[in-house]
Structures are given as C-alpha cells and as structure tokens.
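S.K.: Assemble chains B, C, D and E with the ligands onto chain A, guided by the hints.
Chains as they are written, first to last, in the numbering used here: chain A, 1 to 428; chain B, 1001 to 1404; chain C, 2001 to 2328; chain D, 3001 to 3312; chain E, 4001 to 4261.
Everything labelled a hint here was simulated from the structure, so no lab data went into it.
Note that the Cβ used here is the ideal one computed from N, Cα and C, for glycine as well.
Check the hints yourself; a few may be wrong.
To be verified - Below, a sample of chain D positions facing chain E; criterion: calculated Cβ distance under 8 Å:
| hint | residue |
| --- | --- |
| 1 | Gln3115 |
| 2 | Leu3188 |
| 3 | Gly3210 |
| 4 | Thr3266 |
Stated by the list, open to error - If you want the footprint, here are the derived chain D segments under chain E, 3+ residues with CB under 8 Å:
| hint | region |
| --- | --- |
| 5 | 3175-3183 |
| 6 | 3270-3279 |
Said to hold, decoys possible - The following label-pair restraints were derived from C-beta to C-beta distances:
| hint | chain 1 | residue 1 | chain 2 | residue 2 | range |
| --- | --- | --- | --- | --- | --- |
| 7 | D | Phe3149 | E | Lys4152 | 27 to 37 Å |
| 8 | B | Asn1342 | A | Gln57 | 35 to 45 Å |
| 9 | D | Ser3087 | E | Asn4043 | 49 to 59 Å |
| 10 | A | Ala407 | B | Glu1283 | 50 to 60 Å |
| 11 | C | Lys2320 | E | Lys4152 | 36 to 46 Å |
| 12 | A | Ile291 | D | Arg3095 | 51 to 61 Å |
| 13 | A | Ile291 | D | Glu3271 | 50 to 60 Å |
| 14 | A | Gly271 | B | Glu1370 | 57 to 67 Å |
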Amino acid sequence: MRRAVIAFTAFLGGLIFLLAGPAHAGPADCQGLRGTLKLQGQPVNGAKIAVTTESGQPVKEVTSNAQGAWDVQVDQIGKYRVTLDVSTLPQNSEVRGGNNVRTPTVYEGNCSTVLFALQPKAAAGQPPADTGQTTFWEQAAQLTFEGLNLGLIIALAALGLSLIYGTTGLTNFAHGELITLGAVIAYTFNVGFGIQLIPAAILAVIVSGGLGYAQDRLFWGQLRKRGTGVIAMMIISIGVAILLRNLIQFFFGAQNENFSDYNTQAGIVVGPISAAPKNFWAMGIELAVLIVVGLALMKTRTGKAARAVSDNPALAASSGINVDRVIRIIWTFGAAIAALAGIMLGVSQSLKFTMGQDILLLIFAGVTLGGLGTAFGALVGSLVVGVFIQVSTLWIPPELKSVGALAVLIIVLLFRPQGILGRRERIG
Amino acid sequence: GGDTATQTSPSAAPASSAPASKGDGTLTLGTLLPQTGSLAFLGPPEFAGVDLALKEINEAGGVLGKPVVKHDTDSGDTTTNIASQSVDKLLAQNADAIIGAASSSVSESVIDKITGAGAIHFSPANTSDAFTTIADKGLYFRTSPPDKLQGRVLGDLVVADGNDTVGIMAMQDSYGTGLADQVAKTVADGGGEVVARVDYDPKAADFSADIAKIKAENPKGIVLIGFEETAKVVQELVKQGLPASKHKWYMVDGNTSNTNYVDMPKGTLDGVKGTIPGAAAPEEFQKKLLGVNPDLEDFSYAPESYDAANLIALGAEAAKSDAGVDIAAKLMEVSKGGEKCNNFKQCVDLLKAGKDIDYDGVSGPVEFNEAGDPAVATIGIYQYGSDNKYATKALEYRTGNIAG
Amino acid sequence: MDWLTILTTTVHAAIGWETVVYGLAAIGVNIHFGYTGLLNFGQSAFMAVAGYGMAVTVVFLNLPFWIGILVGLAAAAVLALLMGIPTLKLRADYLAIVTIAAAEIIRLIFRSVYFKDIFGGSDGRRGFNGDFYAMNPYPAGHYGIGPFGFDERTMWFLTVGWAVVLLSCVVVYLLMKSPWGRVLKAIREDEDAVRALGKNVFSYKLQSLTLGGIIGCFGGFLYGLYNGAVQPDVFGTEMTFFAYTIVILGGAARVFGPVVGAMIFWVLFVFVGNTLAELVANGYIPFMTTIQVGPIRYALVGLGFILLLVLRPQGIFGDKREIAIDAR
Amino acid sequence: MRDDTMTDSLKAKAQAAFKDLARDPGVPKPDPILVVDNVVRRFGGLTAVDVNHVEIQRGSITALIGPNGAGKTTFFNQLTGFDTADSGTWRFNERAMNGVPAHKVARYGMVRTFQLTKALSRLTVLENMRLGAQKQRGESFWRALVPGFWRGQEEEITERAEELLVRFKLDAKRDDFAGSLSGGQRKLLEMARALMVQPELVMLDEPMAGVNPALTQSLLGHVKDLREQGMTVLFVEHDMDMVRDISDWVIVMAQGAVIAEGPPSTIMSDERVIDAYLGAHHDAPLSEGELEAQLHEAEAELEAEIEEETQK
Amino acid sequence: MNAVPESQAAITDRTAHLEGAAEALLRCDELIAGYLPGVNILNGSDLYVKEGELIGIIGPNGAGKSTLLKAMFGLVNIRSGTVLLKGENITNMKAHTLVARGVGYVPQTNNVFPSLTIEENLEMGAFQVPGKFKERFEFVAELFPALKERRKQRAGSLSGGERQMVAMARALMTEPSVLLLDEPSAGLSPKLQDLVFIQAQQINKAGVTVIMVEQNARRCLQICHRGYVLDQGRNAYTGTGKQLANDPKVIELYLGTLAKA
Ligand SMILES: Nc1ncnc2c1ncn2[C@@H]1O[C@H](COP(=O)(O)OP(=O)(O)OP(=O)(O)O)[C@@H](O)[C@H]1O
Ligand SMILES: Nc1ncnc2c1ncn2[C@@H]1O[C@H](COP(=O)(O)OP(=O)(O)OP(=O)(O)O)[C@@H](O)[C@H]1O
Ligand SMILES: CC(C)C[C@H](N)C(=O)O
Ligand SMILES: [Mg+2]
Ligand SMILES: [Mg+2]
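Chain A extracted, bound-state conformation:
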C-alpha cells in the first residue's frame, strides 16, 4: 500500500512529465494535427516533430514553441504519421513507453490532437518510476474486503429471509422489496424530513418492523388461516414483489438516489485497502446484529419456539406455543433486519427501487449454500458468496462475477446437498 500512496504523491507532484495540448487551441476551421509537449508540467521548447502521410511522403516538419505547442495544418484528410525527434528533447527525458511515432487520422474540418508523454529518464540501475499501479496482492486484499462488505450485507438480508422461511416455510420472493422498502423509508426520513441518517435509520428499522408485523397480521397470517399451501404462498409472494416494487417506483421514482449523509464518502487508506469510513461502521453493525440474532435464535425461548413452529406448527400449538404470535414476532424482526440490510446497502452503494430485487438471487444463494433455515448457515453462505463474487474478478471479467459465485453454489451443493451447515434428513 505504501507504494500506492507514494504513487499518488508522485502523480500530484508531477513527477511524470506530460505534454498536453490545450483543449481548444486552434481556430474553428482547424484541419490537421496539433499537440503540446510538456515535461514535469513545463512546456518543452524546440522539439522537432515531423509529419508524413501514411505512406511516408513528408508533409511538414515543425518545432514546438515556447508554450510547447505545435500545429500542422493539412489539406487532405486521412491517416498521417507523426514522429517526434527524441534527440531534440531535453536531456534525461524520454517518451513514456518509448514509442515516438503516432498514426492519427485527420477528419474534415477538425484537428486531431497528438500526444507524446514525456518523463525523466530513469537513471541506470534505478527502478523505473512508480506508476501507482497496485500489485496482485493489493488487489486481492481490496477485493476480499469488498467481498466481506458485500457478503455481510447479503448475510443480513439473508438472515431476515431465513428467519421467515425457517418459521413459516415461505420462500418469500418479495424479500427483496422488504429490503428496498427499508432503505426507502430511511431515505424518506433522511432526505424528506431532514433527519440525520442514524436516527432516520433507527426510525426506519422500527417502522419496517411494524410493517412486517402488519404484513403478517393482515395478509400472510390470513392466508395461513385459510390453509394456503407454501407453494401457493411462494407464488403469491411473486405477486407481492411485483406490487411492492412498482409502488415503490411510483413514489420513489426509477432513478438512483443517495442518503444525504455519508454520500460518496471519500475513501481512507488502511493497509492495502481503500475504503470509506462508513464501510467499516456498517460492517461492524452488520456483524453485531448477525451474531446477536443468531445466538438469540439458538438460545432464547422464542428462538427455539420459532424453530419448533417451523418444524411442525400443529405440534407447536399442542405444546402451548402461540404459533401466530411467534410468527408475527419473526415477521417483525425479519422485516426489521431486512430494512437494516437495505439501509446498509443504500449506504454502501445507492438506493434504487430494484436494489433489493437485484441482490435477491445472491441472498437466496447465500441462504441455500449455508443450508436452508439455519441462521449461521445464512451467514457463512452469504460470506462465501460475497467473497467469491469479488475475489473471482481477479481471474474472470467482472461482468461475469456472479457466474463464479453461482457456479460455486452449484458445485458445493453437488457434494453437500444439504448446504454447508445443513443437516441431512433420515429416511425410514
């Protein structure tokens, strides 16, 4: 990382010598070639430049002026060869990359700019000037960090999904919209009412929890009462997703938005990683919530009751568990956690009405990879998905990064059909 820092300083200090043409130097009726030679920000005077046609017919030779600028007007449009005479450059300087020939094209009524970037010659034995590039390992570190960042958000979202799935057996395709909704509510408090983001987020999580409660009370609970099957509910959730998503779009619009706080926060450099302070905070919060909820599910009475309800609601009722109440608690928490995930996603990326839908598949992948219905499975699976997505871009084009993660999902399930932390059912 030190190298990267040095690189920037170097860049700023103009250690690299440039030669640039002004954006609009020539007259409007310019037709030809032009450029400006600069070394360490200083114009280079008296460098010789020869222009020939593509086939080598000399056209004109010019010398750069006091501003470092040169200019060749031509009559014929087409391709030309421009050669910089390196011997006329100041001592100890060279063309970056070593190539001193350019082959630009001149178009009718336009001037094309030709650039020769100059830099001081590296003294013999000294390493070449630092270009500020990052090494493989620095990239890997950065990507791992990004992977954890993404993975934790997915995990949080997955936790909400997994809670609801675990308790009610509902594969909720509208979970993405719960995520979006949380973010949009926080946005409304934050941008609409001008509340600082942290209290706005807390409010939004509470409101979303309430909405989750209401959703079960008024909708899913009623369906359960009517004996609607889980598959039918899954399909209904697709309808809910379409409804919510488009309502959100109606009110929120189709564009990307950002919270008014922590928006486009400048990165800070920590070791090999460059990240915004908000990322670190978000990851801390996410991890804390995940662990607390996971433990609560394993250890508390309501947590166990939730798992009992998931196994067998009738038997749970027979044991004295108020099934509806447990499910409502889970819905409340599930929606609240989904909202938090949405807010975190909004903080780390930006808000859009499809933000939840866009990561839904990754959430499902995380939940499934970890083992359906297990809270810690969701965490593990999501982290694997997140890290894999980002780190795989070291080898595959970023546009295909999801392919890598999804392929891992399939491969892992081939060998562990019950997911990483899932358990096999017994037969017989």
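M.R.: Relative to the frame of chain A, chains B, C, D and E with the ligands by itself:
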C-alpha cells in the same frame, strides 16, 4: 438503415418487401420513450420535444389537413419487455411512425417488429453504430449521430487533456461497447494508452471489482460510458481513491446528467467533462420546451426529438400520404437539397408552394445519408461545476462528418 | 377514451403471441412442477438456449432456419442433461435455487462481452426470422372481423404457435393419463416411496425435465420468431416467475391450466395497462402522469395476481381437495 | 379365516427347515435367500448397525425384533439401498447387493415398507396401489403415448390392486387421496402397495403398529398365504402376539448387533431377550392382580421419594 | 354394523350420555367435524370424562378416533356440536390456549420437532412453564433413560420408538389436568409398552384425567375405567373397560382373538 444489408442477407430477402402501406388519412405518431428504466431521466426532455413539435404542427393546421394524433408509450429498458408490448399497442393503434427508443439496445429489440409492420422507426437518441448497417427495409431513421463522431470527439478530448494513460468503464451493450471502441481507437491513435478497459453489467449490484480493475492500472484519465448507474460507479471511484480531483473523468450522452449527481458532496464532479450530441439549442427553444414541461432539468435529445416529429410530418406532407413506407421514401428529400426552412409552418408552406425543401432543425442541419443517419452532426463538450451540474452551454461544439 | 383499442388489444392478448409463448413456457413448468414436483426455476434458460440456438445458427453460422430449430432443440436437450444430472438429486427447495442460478449463469454468459461475437452481448441477436415468414401461406391482408384481427404475419405466427400449443397439450394429456405420468405424480409426493417400488426416480425426473424443457424451448423459438430478436435480459428470472404464476392461475397439474392461465395473465396485463394509460392520457386520473402509468400498471397486475391466487388458490381448473391435503 | 389345518401344516413344513439349527446368532440356514456379512453403519459416535453375519431362509417368515433404537430400521435402510453402509457385504439370491441403488434392489425382488409411512398423498389409494406393479409397459415414455400398449396390462393391475384393497379393508377408500387416510390406514396401504410389487422377499417395518387388532388378525392369514406362494417375509414388529403367531424364526437385535436367533417359542424365554426387550410381562398382558401390585409398588416408590424430598 | 348385537355393553344412546355427562369435566356433544369441504369424519360423536377418569377409545382404522381427539383439542375445525371443559365452552378454541387451561395432547403421527434436539423438544413441552423444565426433565429422563443419554441428538434422526418416547415425554413436561393420548404405545418395545400403560394409570391415579386412543385395545380396556368404541365417526358401543373387553361382538369386530392368551 442500409438497404444493402438487406440484400446481402438472402434469408431476409423475401420478407424485406415492406407490407402494403395502410394510410388512413390521419398521421398517427407513436412515442416509445423511457418513462421507466435506466434512461428515465432522459424521458422528459424527449417527450417534451415531441410534444412541442406536435403542438406547432397542429397549430399550423396539421398534416394532410388533419391534426396529427399521438400515442405515448414507455420503452422501459432492456431488462423489461415493456418496449415490445408498447410497440404492439402502437401498431394496433395504427401508428404510421414510432419515435424512439432512446436506448440503442431497446431499439434493436423492436426494429424488426416495427419495420416488419411497415411503420417508420425513428429514433431521436440512438447513437449505436449498429444501425448504420442494420436491415431495416429503409424504414429506420435517426436524428442523433452515430457514435463514430462522439467517440472521435471524446477520444481527442481525452488526449488533448494530456491523459497518456486512460481507463474506460463502459456499460456492456451495443451503445456502450461501440462508443468505448471508438474512444479507445482515437485515444490510441492520438498517443494515449488505454491501460484498463472494463465492460460492466449495468445491472450489477455494485461496481467495486470493476473499479478495482481500473485502479490496478492507475490511469490518468477515466472515461465513464453508461446510463444512470454511473452514479454508483462515481461513488465507487471516490471510495477507492480515484476521485475527479486526482484523475480526469469523462462522461458521455448517456450519463451527462443534471439530475443524477446533484446530491453528491459539492465538488465531487468538479471539472468533469462530458460529450452530448447536438448543437447548442437556442435559448428560445429551451424556453418553449419549458412551456411544455416546466420541470425539465436536462435538455438532452429534446431537439432531436423535436426534429424527428417535424421531419415525419414534413415527409407525410411531401408524400401526400400518411403511410410509413411513403413517408420514408420522402424523408431524405425533405432533409436536404432545396430551400432551407427550420420549422414546420415555414416548411409546409414551401411544400405547398411546390418547392423542394431542406429542413434544418434545432439539433443541426439534419441531412440524411443513405443509411438514414444524419451525415453531419455536432457534439457539445460540457463541463461540470462544483455543484455537480453542467452548464447547458457547452465549452465547445465540434461539428463533423460522420463518415471518414 | 380509446375503448376500441383497449378492447382490441385485450382480445388480441388472449390469443396473441404472449399467450402462446408464455403458455408454452408454463406447460413445461407444469410438467416439471405441477406433475413431477420439480421446482425448476430455470425454465427461462430452456427458452434462452432455444432462441439463441436458432438465432446463432442462422445469423452467426449462416445456416438455414430448420437447422436452427434442430440446434435449438438439441441445445435444450443438452441443457436438460447438464442441469439435471447434477441437480436432480437435490431436495425441492435447493433445486429451486440451483436452477435459478443455472439459468442466470446461462443468461450472463449470453450477455457477456467475452462471447459478444457469438451471442451479441446484451443486445442479443436479431435478423433470423426471415425464413419463417417466407413460409407464410397467408397472402397479405387483414384477417379477422372488423377491428379484431391480425395481419398476415401475425396470422402465420399464431397458426404455428397455437398448433404447437395444442400438440403439447395433447402430449401432456396422453402422458399424464398413462402409468408414466403416474410415476411422475408419485415422485412429486415422495420419491423414496417410488424408489422403494423399483422405479428409477432419477431417470423419470430427467425425462420430465427434458420434456418440459423442450416444450418450453418451443416457447423460446416462438418468442424469437415473433419479436425478431432474442436478448439475454428477457430470459431472466421474471419470465420463469410469470410462467409459474400462470401455472398456478390455471391450476397446477391440469392439462389446460397453463393455457388458460396464460390467457388470464395477459388479458389482465394488457387490459390494466392500456386502460390506465388511456385514463391518464385523457386526464381522468389527474394526480398521475403518463410516466407513472408504467409502474402502476405493474403494481395493479401484481395486485390482480395476488387476489386471484388468494380467492382461488387451486387455480381455475384446480381441485380444492388437492390443496387441502398436506397444506404444508 | 383360512383353513387352520392347512396353514398349520405349511407352517410345520417351513419350520422343518429350522428344526435342527443351532440357536446361535448368525447361524447358517439351509437355503438362504439373503446373506449379510459385517454390515456396519455409524452416525457420529453412535454405531447404529453392526451385524456380523445373518442369513434369511427362503420361503420362511422371519421376525426381526429388538428394543427401540436397536438399529432395525437402519439395517433395512442399508440392505435396500436407502442409506450407504460404512462397510459390509450382502448377497440376495447370490447377487452382491452393496452399492446397488434402491430402485434396483426393488427390481431384483427385495421390497421394503417404511415404518414412518410414505403415502403418496395426492394420488388416490388405487393409484398408489397400481404404482407398485412392476414391468409396466406404460411406464416407458414412448409407449405411454399410445394407450393401446398399456390398457390391457393396466386392467390386470387394477384387478389385482382391488383384490388387495378388499383384503386390507381399504376398498371403500379406493378413490380417495392417500393423504386423507388415517394413521392406521396408511400402514395398511404401505404394506398392500409393497405386495403389488410381487417381490421375492418382502421386508415389512412394523406393518401392524397402529392397525386395529381384528384387522391385524385377518391380515396375518394373508401373510401366511404369501409364504404359501413362495414369498419370503422379513418383518420388524413389537407385537409379540403376532410374532408368536406367524413367524417361523426370530432374529433379535440389540444395540446394532444380532444377539440371538431361534424359533419364536424358545427365543421368548431367552434371558437376554427378556432383559433387553420383552420385560417381565411379555407372555401375557398384565392380569388385574399384577397390575394392582405394580401400581402399589410404584406408589410406594413415589411416596418414599416424596418422603425423602420432604426430609431433605 | 347395523345389526343390534347381543351384548353387555350398551349401544350408545343419548340419554345415557346426557345422564353421565351432567357432572363431567370434559364433554363433547354431537360433534360434527371433518377435513375436506363437504366430508364429515365425525358424525355426531358424544363423549364425556369425569374428573379423575381414565377413558379408552378404540375402533377400526379410519373410524375417526384421532379426529375426535384433534377436534377436542382445536386442531380440526368443528362444524357443529360443542366441547365443554369444566363448563366452559372450548369449541374450536386454539390449542395453545387449551394448554394454558391444563390440557395436554400427544398426536399419533408427526409428534416430535425433527430439527430440535431431544432436550429442546422437551423444553417446548414446558413452553408455558419454563421454570419447571429442570424438575420435569429429571422426571421424564428417569422414565425413559434413553432420552437423557441422547439429549443433544436431533429428534429427526431418532428411531420410530425413540420418537414415540420423546412425544410422550413432551406431554409429560407440563403437568396437565387432562391428557389426550393418541396411540402412545405404538411402535414401542413390549417393555416400554408396559411402561406406558403403567405410567398412564399412575398419572391417572395422581389425579390427571386421561383420554387414550389405542390399537393395543385389550391393554387399554384393561386399565381404563370406561371405554368407547368408535366406528365411522359415531359411538358404536360404550361401557366399562371390562364390559367391552368381554363383549363377544366387540371382540369379533374390534379386538380379535389373537391376543386372547
Ligand atoms: N441419521 C441418523 N443420525 C443419527 N442417529 C441416527 C440416525 N438414524 C438412526 N439413528 C440412530 O440409530 C439408532 C437405530 O435406529 P433405528 O431406526 O434403526 O432403530 P429401530 O431398531 O428401527 O428402532 P424402533 O423400533 O424404535 O423403530 C437409533 O438410536 C437412532 O437414534
Ligand atoms: N388430513 C386429513 N385430510 C382428509 N381426511 C382425513 C385426514 N385425516 C384423516 N382423514 C379421514 O378421516 C378418517 C378418520 O381418520 P382418523 O385419523 O381420525 O382415524 P383413526 O380412527 O384415528 O384411525 P387409525 O386407527 O388408523 O389412526 C379417515 O378415514 C380419513 O379418511
Ligand atoms: C439516450 C441516449 C443516452 C441513448 C444512447 N445514445 C444509445 O444509443 O443507447
Ligand atoms: Mg424402526
Ligand atoms: Mg388415529
């Protein structure tokens, strides 16, 4: 579109004879413009342009003696199937010409359907090179210049600013990759080096890995080609330590927006340059647009949309028919060679007087070549200020031939 | 208000290309999910490989249309094997996720820059339906009564499309009445029991996946032929979701369920959308702009499905008793 | 009821084969249909099955008994390919069967039922039955398309299914969904369906648990019929009356291993078996007096305990 | 089954029921209930239990015994008829509220939480009285020592009999005043079957009212005070345990002669 392409592909030949025109006396226009999706921010100016033109046309007495009818539909973006349904609806409403779509990809997905039905497909904003050679039965037109020109101007701008190392972040579609190719070529010719090029998926959940790839090469100039998702890219650039204050950023028509970045911290985009096809729209024209839609913030492609509607109307007058095929046959004629005029009233009066006209629009001289592309066009270079908005007055306009 | 357009587009939607294409996709899903209990959420992948198989063969390899169809069919069959062999041993809900993932992988590969030369990146492929329309026996003109009717191209398309749909229905009817279909239904209920009775569950699942995939694949062909283009993003998860919705609307494990479901689906979709657009355009809904019609239409459609499914969870043809059994 | 003398004579014939056998676990049988060697299955630290050697006599009715958790069901799972044994080999009709997938096991003629029943809920009872039949022509994809190929066979199958349903008192339910059956009816269906396969060896896992005693009794006659038809029956059961009534040979498992074998009469008096499994009251239901005594005993214990508690 | 048999046990008739039910702890009157729309499984069943009684219900498979228990416990929707507990109308009341009123229930099938450990299963049994868990756990662990050893094993991996133990133990975790048992002895080894019957009797002696459905009918009739024979959703016979066990008609139709011994 090139009729040549139709002929070289034998399999398409039997279908290439456009179905019989179904002129019914009323010129019916359909719009297929982004109300939703990743170009939604460009919907309002485009709709406004068409609306304004229509208002003027109908005030001037309509076409063929009847008021022009218009139906608005949404083009969505490529991730939805909206465009296809919209086209079905428009065709069911007997649209003679369809104005849209904005995105080249969306247009590509419906062009066969529209031209197959014998209607004109007229885009005010498609800049992808693909349309120059597409098989379109001679029914595809556009008022926006193919990206050859924009790519050239942008590439030259990047080089002229002294960026010897350049990174390109391009949205992965026909527009994005085509434009990126053109920029990359120009930059390389001019002496710069494209050290990193990432074609990204605009639907990606985040762009950290893509930016990491750019960062790895630490380029001096960074060209951002995309639509609305560029806002996310910008955030990621800032986060990973490649802000506009240290690197030079360049944008294009798909993301040079006055609405998408305003909520970012002051100065985030300070000094960023962007190119948008189209000449300076006269103040007066912008005022008229605001009369149609007072909420407009961007004006991109409003002139092109306005010109598209006018040209179709003039074509119909010239052909004395409202059938798509007939209009298409006259469009080239009304766009060049003849007595110059620059609004519908003026032109239609000349036509009625039996004169050959040359419509010069707000977006430029609009002279169609054989492919239905404008032959000459202007690209404006804009610059952002510290308020993250660009001045609607360009730094500079460059006019050039598309060909060459 | 342009009631006529609303009416004609709605009537057209009931028998139009969407109904054909999505109906076929849903017939396939019905075989997978309705009869066999396979939660295959990758139906769009079958349609995609079919559409692309045909498009790439015609456009990229310059081979004739019929070869394109064969390539598409082969691609769908190969996909069934590739997807089935590793995944069919998974529990239902795991299978769902894995098949979504597989379909997304395929879509992402189709839209990748890396294979742009072959598949055309995110813009996909176009310009391959010439041969199909060249075979059109209908002379140019308008077919139908008054405003209801189609031009000769659409007529040709719909003739072929509905022939395929009906043929698929006949095949499904015959199969599901037979012992073969009985094995599938038994697998849906409990595969271990079926195994214990000496049936090769895996082989039947694979047959089911292939058959449903191939029927879906015709949906892919027809999509491409009608629209004249295939693009990766239309073959996304949404398409599969719609197919499932259609199956449930019509009634799972019912021969004509998917067809009727598709009709309801598209009638609702088109009617809501166009009515709303007209209402707004004519100023009956003053607080909405035309731009907001898009989302509200989808929202209403979503709401419509919810209501239909809530009010008639067994679908149009479904048996209420079947739903009551083992609700969980 | 069947003719008692006839079944009795058949029983005698079957038992003749066992007459001179030693009573040791793993004793070789004259004509074994199934030979099992060293089958081991562990779950984590728990060894659920560890069977050294066991043979099942062809044409006999063999009972497999043992305390809960002895590993009987797990043993069935290994033999029928529903679970993978950690080690071991077994041969069915001289054919090595380890690693053979479940459906092939069934096709070779070795069919099992499940203790926790597996009704095919949304198929009717009759369809459940039909599914059991083997070698159905209509089960191949192409032939299924042409009803002519399988109609005739289907009718035969249906006939057979209906006969069995009458026997199992399920005929009234023939067109109901199997998912709507009561617990006991599911057990019956499970067994009837397995018989549709017409296997050589049928392995029944607690077929009569939860079945009404009167019906059980009439079904025992049917099971004896199976033996008459040359079928071999291996069944797990906790109902000693039934074991005593129909089995020719009894194998006892405890903690995964076979601990004893023998004819029912002798095995029930085996000390180890009584200890591990039968308990004190195995041969007859508790008489009234015994019950009283038991109760008093328990009460006394309880009181003592309470006293203890209060004293503390 | 319509022929009137000659028997000691009375064919159920309403007057006898109404007489006996007057001072009952729990009574059902003319229950009609079923699962599927339009199909009644219970066709007017009557039943009463006095405080401290042990009642047995027997009958052929599919008679509706389990359905009757479920109906009383609020798990099947009652279409008409009433269920009264201590004079309070509890018809169609939710199961968990009945648990709070001291009713316990062991289902016939699906009677454990497969993904919970044995210990957690039992914890769920004591859900409404978490404070008592420790004490009661020791109690059931003594009854079924196998459970204590395996307390961390997930119930889903247990054998059939082991599950049955867990189910029984779960119901014993609370100290219910009325206990509904649906075939508690099914799948258990003879030794444990004894235990279950003795336990049922002991619990009953301790003052708990028990209603028990059993296919181990002889054993059941032996220990119960009164018994009902259910057939096709109706009470067919009723009487004391002894009467029923010795009734020739009941023997022929429901008990069989196998276990006569
Ligand atoms: N998948 C598993 N994971 C862990 N333990 C298991 C698993 N399957 C079975 N067991 C254990 O193995 C032992 C044997 O179980 P099995 O079901 O074979 O017993 P069984 O003899 O059939 O008993 P029952 O008479 O009660 O049915 C039991 O203690 C059970 O808990
Ligand atoms: N979930 C269900 N859905 C529909 N019908 C059912 C359901 N459960 C039971 N039935 C029907 O109700 C009738 C009575 O079932 P119930 O379980 O009460 O019988 P049972 O007397 O307990 O029999 P068993 O002794 O076999 O357990 C059965 O014939 C069955 O058809
Ligand atoms: C509206 C514009 C940004 C569209 C873009 N020029 C394209 O062709 O895709
Ligand atoms: Mg067992
Ligand atoms: Mg029962």
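S.K.: Could you check the structure against the hints above and give me the numbers of any it violates, in ascending order?
M.R.: 4, 7
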